[in-house]
Every structure is written in structure tokens, then in C-alpha cells.
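K.L.:
In case you want the letters, here they are:
2 protein chains.
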Amino acid sequence: MTGADAEQREKGSTFLPRFDDKGLITAIAVDSLSREILMVAFMNQEAIDQTRETGLAHFYSRSRGRQWMKGETSGHVLRVQEIRVDCDQDAVVMIVTPAGPACHTGAVSCFYRKLEGDGLVPVA
Amino acid sequence: MTGADAEQREKGSTFLPRFDDKGLITAIAVDSLSREILMVAFMNQEAIDQTRETGLAHFYSRSRGRQWMKGETSGHVLRVQEIRVDCDQDAVVMIVTPAGPACHTGAVSCFYRKLEGDGLVPVA
Numbered sequence: 020m021t022g023a024d025a026e027q028r029e030k031g032s033t034f035l036p037r038f039d040d041k042g043l044i045t046a047i048a049v050d051s052l053s054r055e056i057l058m059v060a061f062m063n064q065e066a067i068d069q070t071r072e073t074g075l076a077h078f079y080s081r082s083r084g085r086q087w088m089k090g091e092t093s094g095h096v097l098r099v100q101e102i103r104v105d106c107d108q109d110a111v112v113m114i115v116t117p118a119g120p121a122c123h124t125g126a127v128s129c130f131y132r133k134l135e136g137d138g139l140v141p142v143a
Numbered sequence: 020m021t022g023a024d025a026e027q028r029e030k031g032s033t034f035l036p037r038f039d040d041k042g043l044i045t046a047i048a049v050d051s052l053s054r055e056i057l058m059v060a061f062m063n064q065e066a067i068d069q070t071r072e073t074g075l076a077h078f079y080s081r082s083r084g085r086q087w088m089k090g091e092t093s094g095h096v097l098r099v100q101e102i103r104v105d106c107d108q109d110a111v112v113m114i115v116t117p118a119g120p121a122c123h124t125g126a127v128s129c130f131y132r133k134l135e136g137d138g139l140v141p142v143a
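Residue numbers (our numbering), protein chains in the order written: chain A, 20 to 143; chain B, 20 to 143.
Note that the list lumps identical chains together, so a pair holds whenever it fits in one copy or between two copies.
Derived EDC-like pairs: lysine to aspartate or glutamate, alpha-carbon spacing no greater than 16 Å straight-line: (1) Lys133 - Asp107; (2) Lys133 - Asp109; (3) Lys133 - Glu29; (4) Lys133 - Glu101; (5) Lys30 - Asp107.
Simulated from the structure, these hints should not be mistaken for lab results.
Bound-form chain A, shown alone (with noise of 0.2 Å):
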């Protein structure tokens, strides 16, 4: 990224994500009532698109290879707020109203669990 390329990122009005090597940014759900971190994933611009065209969250799975609807088979869907996006627009944050447990274990939040010591514990 040259100077003139992160400082437009960084102040400008433009929305310029800015994709790693894979086509991806960050993407960070946070409950627009209680402010908790529902999930993390990744999303290429296809989920990006989709997600503005349809105001439901849309990712990109890694592990699948493909982009999917948060909730296309649980019906547990996201729908989506406001869309933030960070200094140099490789990560959004999504403030989100949930349809259900955003985990697909049935927690509220995928993070259910700390580090104590050495080990994870259930988050209070």
C-alpha cells in the first residue's frame, strides 16, 4: 500500500475494503443490545454485496470454500444494523439483531469459554 493509498483508506469517505491474498477482510457480529461479540468470520465481496442487498449477515467460509447465509440452514439469521469499518478497511464490524444463538454449538455467543491458567473455563 502506498502513502497516498493508506492515507485515502484511512480519512476518506470511500468504502475500499481492502481484501487479503485470499479476497478476504475480517468480519466481527456484535449484538446491537447487549454489545456482545456474537461471532467472527470472513467475508470476500460477493458476502459483502449480499449482506447490503439484503441486510443479512453473509460470510465466506475458509473451510468450505464457499460463501453462506449466517442461518440459511438453522434459521438462526443476522440481521444487520450498521456496518463499521476499521482504519485501513481490512475488517467490519456488523452491529447485529440476532434470530437466535449465533453459535452453532446453541450458545449465544461463540465465545463460551476463557483461558484460566492453562485451560478454558465457561465464561461467567
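Since chain A is already given, all that's left is putting chain B on it; use the hints.
P.N.:
Leaving out everything else, chain B in the frame of chain A:
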């Protein structure tokens, strides 16, 4: 990932970070008081170890190709209170106390703009 691996990662009490093909996991820093997302970056094993040893957030910079401590030049370190791990252990949320603005632009958070129409506007 086999089914057994996935189950151990999701339900177990062992910290088994699932690094991507570059040896990285996603790392999100959240302010312990405001609960605002301050920044998002990546960590390799060494950054995880140094964060846990020092209590200060360390990351791995993909663009600079090296590990760094947040605040190593600005002094705006992130003191880590808690580290949460997601279901498949490829991402962590760090609950932190920031020593200053988290963003190198001087903003409290890197997420100081939001999408509106086709452009970006300041977060209110």
C-alpha cells in the same frame, strides 16, 4: 478437521488454537469498561505466548511480516484482563484496558466510520 478434533475444540477445556495456513488466528481487543471493539488483528503462537506472559497484547503483522506489541512505539499498550476463545478456537477476544487511543490515527477505536449509502461517515 475430523469430527473428534472438532468436538474436542468446541467442548473441551484445552486451549488448542486452530491456526490458519499462515499460522495465525484472529484477535479482537475490546475495552473492559466501554465494551467497545478497539481493534482487530492477528496473532501467531509467539504473540499468544508473549501476551499471556506479559499481560500486554501482542500481535503478528501480516504487512510487516513480524510480531509486534501494541504500543511499542506509541506507549498505548493494551493491558489484557481476560482472553475468550471461540467455538472452533480460530479467534480470541481480549478484554483490555487501553493506555491511550487504540488506533494509530489517534481515534479511541479503529472502527470510527460506518457505511452509509455508498460511502463512509463518522460513527456518531
